[in-house]
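The listed protein sequences correspond, in order, to chains V and S.
Read left to right, the first sequence gives residues 1 to 322 (the working numbering).
Read left to right, the second sequence gives residues 1 to 112 (the working numbering).
Honestly, I wouldn't trust all of these hints.
As the list claims (entries may be wrong) - No farther apart than 30 Å at their CA atoms in a straight line, the calculated lysine-lysine pairs in the DSBU-like style are these: (1) S:98 - V:214; (2) S:23 - V:197; (3) S:23 - V:210; (4) V:209 - S:17; (5) V:189 - V:43; (6) V:197 - S:74; (7) S:74 - V:189.
What the hints contain is simulated information worked out from the structure, not anything from laboratory work.
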Amino acid sequence: MSDAPHTSDARPKGEPEPVAESEPLVLLELIQRLKVRDVMTSKLATVPRSATLREVQELMRKKKISGVPVEENGRFFGLVSIDDIIRALVAGTIDEPCSKHMTTKLVVLEDDMPLSFALRYFDRYHYGRFPVLNRDRRLVGIICQRDINRALLVELTQELNRLETSSSQTPGLDGAYSIYVLREFPICKYDFENAGKAANQIKQVLQEKKFQPKVIRRIAVAAYELEINLCVHSDGGVLSWQISNGRAEIIARDAGPGIEDVAWACRDGTSTANEWIRSLGFGAGMGLVNVKRVSDEFEITSKKGSGTTVKSVINIGEPMAT
Amino acid sequence: MTILDVSEVLKADVLVKGEGCHKAIRHVMASDLMSDVLMVDEEDMLLLTSLASDQVLRTAQIVGAVGVIVVNGKPLPSSMVNVANDLRITLAVSRFSKYDACVAVHAALKPA
Numbered sequence: 001m002s003d004a005p006h007t008s009d010a011r012p013k014g015e016p017e018p019v020a021e022s023e024p025l026v027l028l029e030l031i032q033r034l035k036v037r038d039v040m041t042s043k044l045a046t047v048p049r050s051a052t053l054r055e056v057q058e059l060m061r062k063k064k065i066s067g068v069p070v071e072e073n074g075r076f077f078g079l080v081s082i083d084d085i086i087r088a089l090v091a092g093t094i095d096e097p098c099s100k101h102m103t104t105k106l107v108v109l110e111d112d113m114p115l116s117f118a119l120r121y122f123d124r125y126h127y128g129r130f131p132v133l134n135r136d137r138r139l140v141g142i143i144c145q146r147d148i149n150r151a152l153l154v155e156l157t158q159e160l161n162r163l164e165t166s167s168s169q170t171p172g173l174d175g176a177y178s179i180y181v182l183r184e185f186p187i188c189k190y191d192f193e194n195a196g197k198a199a200n201q202i203k204q205v206l207q208e209k210k211f212q213p214k215v216i217r218r219i220a221v222a223a224y225e226l227e228i229n230l231c232v233h234s235d236g237g238v239l240s241w242q243i244s245n246g247r248a249e250i251i252a253r254d255a256g257p258g259i260e261d262v263a264w265a266c267r268d269g270t271s272t273a274n275e276w277i278r279s280l281g282f283g284a285g286m287g288l289v290n291v292k293r294v295s296d297e298f299e300i301t302s303k304k305g306s307g308t309t310v311k312s313v314i315n316i317g318e319p320m321a322t
Numbered sequence: 001m002t003i004l005d006v007s008e009v010l011k012a013d014v015l016v017k018g019e020g021c022h023k024a025i026r027h028v029m030a031s032d033l034m035s036d037v038l039m040v041d042e043e044d045m046l047l048l049t050s051l052a053s054d055q056v057l058r059t060a061q062i063v064g065a066v067g068v069i070v071v072n073g074k075p076l077p078s079s080m081v082n083v084a085n086d087l088r089i090t091l092a093v094s095r096f097s098k099y100d101a102c103v104a105v106h107a108a109l110k111p112a
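Build the full structure now, drawing on both the sequences and the hints.
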């Protein structure tokens, strides 16, 4: 048996998102916004490699758990499951060290992955739980489906309260073309599978309301550029958009890493994007320039080490006559 | 000339016929840099690119392009056809190089 656990880099690439388009939008947003670390159990009952399987069995009984990680000083070696205990009872090896019988070929999740990755892994592997490692490959938690159900229930309740509050504050607008729409999209770092969906939704809403195609295009371009910026440059953030009183307002807000020199970042052709981003056709340093170009009002505030907020306002005028 | 006509010129396989497939092309852009595509304010544009990714289609849809022809016979990720269907945008793939595709499209679109 090898000392080091076999842990695969569980981040899949280029696979279609299994969540159906017909899933409720709020739920889709939640599973993109929430990270594995927000949902996992981080207070773990663990054992060292020298612990016997009988000791592990006793720990399982006391804590009412079905899997125990084997860990020493944050280093993760493997997992003992109920199956391992049953096999040991049958084979008469229950008093042997758990390191001889633990499962070491494990699929793990990383704590900064979106919850959607965890759901995909439960669907694909049919395991009851996944160990969670941080960037330093240290064990920081375990996630099981019960954790996900509990977190989603809490978040959905909060979301419902928020929606009820915001709908009661919706301004009453007069006139045939007055509309009020407010939506928020969480954007995850490097999540190119979903980048562009918010802009697409804005475009669809404006097309349904029959606004001028040129105006729709400007708004869609601003939203898309800001979405890609969040995806490429931030640690993740939220794109919100609002249409009211003849104006479309798009705000991209993130919590880091911040821009050191905002004026420099807004100049043509300046970018900190890496080669991978460039290979995807982005990172030419034209994003903010283009947002500014299509906007009637443009604001950016940022501080290195904290977050960035970019606001684009575009006057939408009246819809075309039908 | 429509994207379906251009696909014939470029001997391209049309994988998805979208809403704009019967629209007359008014502008052609050949680029692998989506940031540049987003800077163009032309209506009913055809995008020629050797970049095969979902974001090419999302970018084309945002700027209201009639469709995308991927050149150089690039193998497409399986998700591209699904995204093209979702966005209702025409997607074709041609074995022509980008340069040859540009020459052929220019000749085909030039007024007689």
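Now for the hints, and whether the structure bears them out:
no.: 1; hint: S:98 - V:214; verdict: holds (29 Å)
no.: 2; hint: S:23 - V:197; verdict: holds (25 Å)
no.: 3; hint: S:23 - V:210; verdict: holds (20 Å)
no.: 4; hint: V:209 - S:17; verdict: holds (25 Å)
no.: 5; hint: V:189 - V:43; verdict: holds (27 Å)
no.: 6; hint: V:197 - S:74; verdict: holds (25 Å)
no.: 7; hint: S:74 - V:189; verdict: holds (27 Å)
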